[in-house]
Amino acid sequence: MEKKSPLKIENLVKKYGAFTAVDSVSFEMKPGEIFGLLGPNGAGKTSIISCIVTLQEQTSGRIEVFGHDCQKETKLAKAAIGFVPQELINHGYFSVEEILHFHSGYYGRSNNTERIHYLLDKLALFEHKDKKVKALSGGMKRRLLIAKALVHEPELLLLDEPTAGVDIELRTSLWDFVEELRKDGLSILLTTHYLEEAEELCDRVGILQRGQLKKIGPTAELIKELTQREIMIKVSRELESIQHAHLIEQEGQHLKFRVPSDKGVGDLINDLGLDLNLVMDLSIKEGSLEDAFLSILGGDVQ
Amino acid sequence: MKKTSDLTWTPFFSLYKRELNRFLKVIFQTVFTPLITASLYLLIFGVSLGKSITLSSGLSYLSFLIPGLVMMSVLNNSFQNSSSSVVSGKFSGDLEDLRVVPLSVSQILWAMSIGGLTRGFMVGSITFFVGQVFHYVVIGELLSVEQPLVLLFFLIIGGLSFAQLGIAVAFWAKTFDQMSAVGAFVLTPLIYLGGVFFSIESLHPFWKSLSYFNPMLYFINGVRYGLLGQSDVEPWMAAGISLLALCGFYFLARFVLKKGHYSRW
Ligand SMILES: Nc1ncnc2c1ncn2[C@@H]1O[C@H](COP(=O)(O)OP(=O)(O)O)[C@@H](O)[C@H]1O
Ligand SMILES: [Mg+2]
Numbered sequence: 001m002e003k004k005s006p007l008k009i010e011n012l013v014k015k016y017g018a019f020t021a022v023d024s025v026s027f028e029m030k031p032g033e034i035f036g037l038l039g040p041n042g043a044g045k046t047s048i049i050s051c052i053v054t055l056q057e058q059t060s061g062r063i064e065v066f067g068h069d070c071q072k073e074t075k076l077a078k079a080a081i082g083f084v085p086q087e088l089i090n091h092g093y094f095s096v097e098e099i100l101h102f103h104s105g106y107y108g109r110s111n112n113t114e115r116i117h118y119l120l121d122k123l124a125l126f127e128h129k130d131k132k133v134k135a136l137s138g139g140m141k142r143r144l145l146i147a148k149a150l151v152h153e154p155e156l157l158l159l160d161e162p163t164a165g166v167d168i169e170l171r172t173s174l175w176d177f178v179e180e181l182r183k184d185g186l187s188i189l190l191t192t193h194y195l196e197e198a199e200e201l202c203d204r205v206g207i208l209q210r211g212q213l214k215k216i217g218p219t220a221e222l223i224k225e226l227t228q229r230e231i232m233i234k235v236s237r238e239l240e241s242i243q244h245a246h247l248i249e250q251e252g253q254h255l256k257f258r259v260p261s262d263k264g265v266g267d268l269i270n271d272l273g274l275d276l277n278l279v280m281d282l283s284i285k286e287g288s289l290e291d292a293f294l295s296i297l298g299g300d301v302q
Numbered sequence: 001m002k003k004t005s006d007l008t009w010t011p012f013f014s015l016y017k018r019e020l021n022r023f024l025k026v027i028f029q030t031v032f033t034p035l036i037t038a039s040l041y042l043l044i045f046g047v048s049l050g051k052s053i054t055l056s057s058g059l060s061y062l063s064f065l066i067p068g069l070v071m072m073s074v075l076n077n078s079f080q081n082s083s084s085s086v087v088s089g090k091f092s093g094d095l096e097d098l099r100v101v102p103l104s105v106s107q108i109l110w111a112m113s114i115g116g117l118t119r120g121f122m123v124g125s126i127t128f129f130v131g132q133v134f135h136y137v138v139i140g141e142l143l144s145v146e147q148p149l150v151l152l153f154f155l156i157i158g159g160l161s162f163a164q165l166g167i168a169v170a171f172w173a174k175t176f177d178q179m180s181a182v183g184a185f186v187l188t189p190l191i192y193l194g195g196v197f198f199s200i201e202s203l204h205p206f207w208k209s210l211s212y213f214n215p216m217l218y219f220i221n222g223v224r225y226g227l228l229g230q231s232d233v234e235p236w237m238a239a240g241i242s243l244l245a246l247c248g249f250y251f252l253a254r255f256v257l258k259k260g261h262y263s264r265w
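Protein sequences appear in the order of chains A and B. Note that the first sequence covers residues 1 to 302 in the working numbering. Note that the second sequence covers residues 1 to 265 in the working numbering.
FYI, nobody ran anything at the bench for these hints, they're computed from the structure. Accuracy of the hints is not assured; some may be wrong.
Here are the simulated DSS-like pairs of lysine-lysine, each with C-alpha atoms no more than 27 Å apart in a straight line [to be verified]:
1) A:Lys285 x A:Lys215
2) A:Lys129 x B:Lys17
3) A:Lys141 x B:Lys51
4) B:Lys208 x A:Lys15
Produce the complete structure using the sequences and hints provided.
Encoded structure:
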């Protein structure tokens, strides 16, 4: 039997009053992949995740988690999900370990100490297990949220901006942890506006703009298809005005071109009919997901 | 191999345990403060003022007061427990957890209301115990419970009702102030006017007939009947209306848990 898709979203619409935050979004995750939902602030990433975990009621459309409709088979869908919200959460009364025990219980696991200690250890929280959440730093709170999301060994992990406001050291260790989870067969949906994060971790990404899914595909292919390389050439003397489709700047001895990522430097110089002896200096900057992102979103990045 | 999970009882008991532990952690505030309040009421109203009050039924005022205070403790504390659980969950953001985990609306509703009832019961028992001490000292004998099952029935209905009302009000409230305003301006007056401290027989006919619209009247008089074997309201009528009130609060809480927002303030 073919494995069910961890997450299948069909024509999801979410309106807040008259405002459409998610505009007919459809995509399907593959088992065991890390899927990145990318987009600037306000694009609708959190709204999509909120609909999956039923924190928000979808206006229309259909969401299935491993074949379970999130609205009709709520319990089964929720039992398969681990959810790390974007905003940090406090807990008034209980210690880190108590919270994890209660949380395990909500997922039907009564004797879960082993798993809890494993996660506390993994997320460097063991020594803080008796502290109240108030006494934790932001980074520790973030890790507690991740531990909470994993107590029941979910099959689909939803990470909403997992590294927002997290220092670089913690960020890399979280990335390693995410990779490790994926190796164990977990399917992961993460939202981010750090493109570096998506580039590093995601097998596929979907790019969201004003509630619409603009582009979806394997991260590497998307970069190739959409990025451009920048070629800077310094010539030994000032040239007269050059006309070229890819020229973006000409200032004195400096020329700057933006070309598709499959176009070579040789081609460009041939195009220009430039005497090689004139070229003093040449540098190339490869495109990144950031550029892909920009080329899709235009000037709409806040 | 993954462990199999029971999604029926384990989640329910976990939430119930959390509701219980939440007030046991701050036991001084949640249990002992009401204890002192009840003692003060008994001392001031029951003992000092009570001497100059004679009831038509021939009961001592202290005996009359004890069931009223017991039910007041149960109602207040059941309400407090569920409402402060929801409100603090909104404040810290962990109310969202309840929506995200595989707990159904019914599981949340019953875990919270039985949690509230438990606290109500504990404080009610303490109030009863203190009442008995006063009764013994002042009157020279303990108050005997006339109808234990009737008493239990009304305590349970009252506790569950108010715990469920607590859920509904806490979901509705947008601030702490709104929350405490409901307590101060709606519930406390209704409980007082429901006959904790006096018999509605002693009221002006206008106020008396108005009192019949106050559901607390039936809760309180039901408990009074259970303890003393006599009350202002027919026990069957009290039972019927109390059950009706419970249904009302139940559906209100259910609606709010289904449609309400679990997001933080
Ligand atoms: N509860 C809400 N009520 C009204 N508007 C909202 C609410 N939540 C989000 N929005 C709006 O919906 C849009 C998408 O928000 P969000 O899903 O949080 O985006 P992202 O997570 O991509 O930053 C934003 O314009 C935001 O202001
Ligand atoms: Mg967001």
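Here is how each hint holds up against the structure:
no.	hint	verdict
1	A:Lys285 x A:Lys215	holds (24 Å)
2	A:Lys129 x B:Lys17	holds (19 Å)
3	A:Lys141 x B:Lys51	violated (59 Å)
4	B:Lys208 x A:Lys15	violated (51 Å)
Checked against the numbered hints above, the structure violates hints 3 and 4; every other hint is satisfied.
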